[in-house]
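Colleague: The opening position of the sequence shown corresponds to residue 10 in our numbering, with each subsequent residue numbered one higher.
Some hints could be false.
[What the hints assert, rightly or not] DSSO-like, lysine-lysine: derived pairs with alpha carbons at most 27 Å apart:
(1) K48 <-> K77
(2) K48 <-> K17
(3) K22 <-> K74
(4) K48 <-> K74
(5) K77 <-> K17
(6) K48 <-> K22
(7) K17 <-> K74
[As the list claims (entries may be wrong)] Per label pair, the in silico range of CB-to-CB distance:
(8) G58 <-> G30: 20 to 26 Å
(9) A76 <-> R35: 20 to 26 Å
(10) H60 <-> L18: 18 to 24 Å
FYI, nobody ran anything at the bench for these hints, they're computed from the structure. Remember, it's a predicted structure, so these values are computed and weren't measured experimentally. No residue lacks a Cβ here, since even glycine has one placed at the ideal position from N, Cα and C.
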Amino acid sequence: FELTSDAKLWLGKEGYDPVYGARPLRRAVTRFLENPLSKGILSGEFTSGDHVLVDEGPDGLALSKVAKPAGEADNATVEPDEAVASTS
10 FELTSDAKLW
20 LGKEGYDPVY
30 GARPLRRAVT
40 RFLENPLSKG
50 ILSGEFTSGD
60 HVLVDEGPDG
70 LALSKVAKPA
80 GEADNATVEP
90 DEAVASTS
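When you get a sec, could you build the whole thing from the sequences and use the hints?
Modeller: Here it is, written out as structure tokens:
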């Protein structure tokens with residue numbers, strides 16, 4: 010997914026509190042970004058490989074499926090350079 014500049018500003022304003030600073034940002038990301046994205050995936054609105062654009066809408070953040078940016082692979086995978094050892 011991709012956030013527009015307006016979406017980032019809106020999320021920053023929504024997730025900031027003068028008393029707690031940016032601590033509420035995590036809850037704002039969950040409420041306004043993760044939850045709607047999850048619902049879209051579960052409903053079939055968004056599927057594997059979709060490019061989702063997040064923009065500021067009239068009632069908060071608006072998520073929409075858009076064409077992939079030029080040069081983006083269909084099945085892009087990231088291979089780790091090295092195995093990460095567990096510290097637990």
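Colleague: Under the constraints set out in the numbered hints, which ones does this structure not fulfil?
Modeller: Hint check: 8 and 9 fail, others pass.
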